[in-house]
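Trainee: Spelled out, the chains give:
Protein chains: 2
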Amino acid sequence: MRKTMLTATLLAATAMMAQTTSFTVSAKDEIAANHYLAGSNYLDYDRQLPTAQLTPAPKGYEPYYMSHYGRHGSRWLIGEGDYRNPLTTLREARDEGMLTATGLETLKKLEKFYPTTVKRLGDLTTVGERQHHGIGRRMAQNFPEIFKTKNLPIDARSTVVIRCILSMVAECEELMAANPTARIHNDVSESLQYYLNQPWEGRVRDLGRRTGDKETREAQQRYTHPERLMKLLFNNEQYVYNNVRAGELMRQLFDVATNMQSHDTDIELLSLFTTDELYDQWRIRNVGWFLDYGCSPVTDGIMPFSQENLLRNIIETADTVTQVQATLRFGHEVCVMPLACLLEMNSYGESFSDLDHLDDTWRNYRIFPMACNIQLIFYRPKKGKQGDILVKGMLNEREVSLPAHTDQWPYYRWQDLRQHYLKKLADFEAGK
Amino acid sequence: MRKTMLTATLLAATAMMAQTTSFTVSAKDEIAANHYLAGSNYLDYDRQLPTAQLTPAPKGYEPYYMSHYGRHGSRWLIGEGDYRNPLTTLREARDEGMLTATGLETLKKLEKFYPTTVKRLGDLTTVGERQHHGIGRRMAQNFPEIFKTKNLPIDARSTVVIRCILSMVAECEELMAANPTARIHNDVSESLQYYLNQPWEGRVRDLGRRTGDKETREAQQRYTHPERLMKLLFNNEQYVYNNVRAGELMRQLFDVATNMQSHDTDIELLSLFTTDELYDQWRIRNVGWFLDYGCSPVTDGIMPFSQENLLRNIIETADTVTQVQATLRFGHEVCVMPLACLLEMNSYGESFSDLDHLDDTWRNYRIFPMACNIQLIFYRPKKGKQGDILVKGMLNEREVSLPAHTDQWPYYRWQDLRQHYLKKLADFEAGK
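Residue numbers (the numbering used here), protein chains in the order written: chain A, 1 to 432; chain B, 1001 to 1432.
With the rest of the complex left out, here is chain A:
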């Protein structure tokens, strides 16, 4: 009895450590040290690579199955006006002679970059392609027991969005290079979308539609202070007042600037912003994404259930696995983020109501940089040994805590997790 309590205490300590280790430094300090983090979902995966060693397999166990969901790598911005709108604003001001030297230089950079964006909105970039080559390579390195298996069957599927398919290509090419005998089946089809990028349905759609907008607008209002930036770019305050939506322009430039890390380019715009401004702009997005996809009280915490079909697919596919194999799925951050919450990785399944202090406990860049991914690694007893199937979860290749008891973190009994998740899904279905 005493031993059990001790174990539980140790466990709790370990679990807390796993969570709190990430947050010993404030978000603002992290962003000050690495401006790229302010990019939220535009963060280049390779600028935040894991450094910790993976925990060795439990004694007598070997990994035999990987179940994976990964987001596409870095991409151009998507919206029709994302590049054109700030460009137009600055061009008009230049024509009126209203730009400072910095304003002119900024315009020049945008003019130089703009042609690369034509018919390229949303496309995977070379940076994004490289991220997935790296992830695929490390998969094979981290789990050779799986990925070096002769004639390994790999089932790899992607949403119908081309940048996701190309991300799949990069990983699969690396897996073939690591194991020329692998037998990969790739599939992409509208018929798979129901779980690879489930449309918002039922309560998720109803609550997702009407909540969070007010709070997001409030955050935008509170954290947008464009005065300094406008003075930096324009030489006439009256012109700005009369002709420019300053807050909008600031957010537009911020998006272009933070997403420049998605390209192999020396065009640099991040230095337009102070660390305070980067942090403030990031906070707006940190709050917004939490409201849309996290366990926010505003949506009764149900948005993670947007990935109900995906979690079912993960469980049901795992149920069919009787030999060494891998299931790879490729899609979007709007799936990875709520899936991490639904799986209750680390503290992402918790609800936070104090949006002003949200980033003490929730930092979106830890969850969904470009190419973010969730890997569930299944372990079985080695030949001749007995024992339960165990699972290790990894978010962006970092081991995480999962919602079950364990005395050998980060390894959990799959049956415990499976039961927990199925009950959770059943309760949701029942409207609880």
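Just so you know, these hints were derived from the structure itself, not from any lab. Positions of the beta carbon are idealized from the N, C-alpha and C atoms, including for glycine. Accuracy of the hints is not assured; some may be wrong.
Said to hold, decoys possible - Which stretches of chain B does chain A cover? Using the computed rule of at least three CB atoms under 8 Å from a CB of chain A, they are:
#1 1112–1121
#2 1159–1165
#3 1171–1184
Using the hints provided, position chain B relative to the given structure of chain A.
Mentor: Chain B alone, transformed into the frame defined by chain A:
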């Protein structure tokens, strides 16, 4: 002088041999021997694999560059009603008690297959995926000097259509398996469409729009004889006359039946048709495709110029090659067929006016089965040797004749071909 003439005569003989070898058997006899051929562009590539050995490289030469354009592999039919329409016609007749035993059996087969088509129209099938694994594997086997090169750069691009991208994936996976050091860059983007699947423009659009329809309709009229098939399916001729568009139903069933070879299935429908009917239905499509994409006199022979940008890309890319490498492009039969004509492979650059005897000289299944492809292999003198760059052309992995003189078929001086093609494009641009 005498020697030159002799060489020219030999050459002509070789060239003719290259063409006429293919046509010693009539199209009807070929189709009788292999019903799948009647599928035109639905033909499974693997049911018509090349058997001839490739000609060894010329003495002192080695292959160093492959320039490739390939069509996606086998796919589901594309049109919304392709499966539903014939199903509906037969269902209605069944409800009225108007189907024979064969009609009922046919309906049962369609009913069984239909669910696999939901949200799958146009998707690559497992048969199609396998075709490209085979092609990629043979590429590496046929040209190890290229594909086994350490750190080989491969530039692989596809149209934005998913079945094309997945075809690219299959080939690239094989190339990585053959050479784990290969460095593949994959790209898919709207910005590449102008040459990967050029829209009909200018004279091509003007002539392509209005010509051939009359001739296609005439061929349809002449070669459609559904009477026997209707008697086979329906037990009441008056019902057919009153309720069924017999010619349309025949063509619909023919499309479903011939495309069943695109699937790993034991559902079989081809046996509904006699060899005569298969041949007749194929003729309609053989004529139609020739009119749309071949050097038909009806369009002044200009439809192959629909691939003007693609040919320019092939030439301009080849101009940049200074090291061992490969350029792979993936797209559609509506590009491969006119490209083969534009390149004047074998006799495909010739004009034929007698549509009733078209298949003596033009058989679409030789040009564009599923996964059809054009490979241009560039050869350079081995280290320490001197000589011109030579090129070998392959259509569906078979060596072809090209529009230049050579004394070592199938190898041609690249400069001769390059000059010929550039002049041809310039003349077209000049409106000649």
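Trainee: Each hint needs a verdict: does it hold in this structure or not?
Mentor: Quick rundown of the hints versus the structure:
1. Only when three residues or more bring their CB closer than 8 Å to a CB of chain A does the claim for the stretch 1112–1121 of chain B stand; here the count is 3, and the claim holds.
2. Interface restraint, the stretch 1159–1165 of chain B with chain A: holds (3 residues with C-beta to C-beta distance below 8 Å; minimum three).
3. Counting residues of the stretch 1171–1184 of chain B whose beta-carbon sits less than 8 Å from any beta-carbon of chain A gives 10, enough to reach three: the coverage restraint holds.
When the structure is compared with the earlier hints, no violation turns up for any of them.
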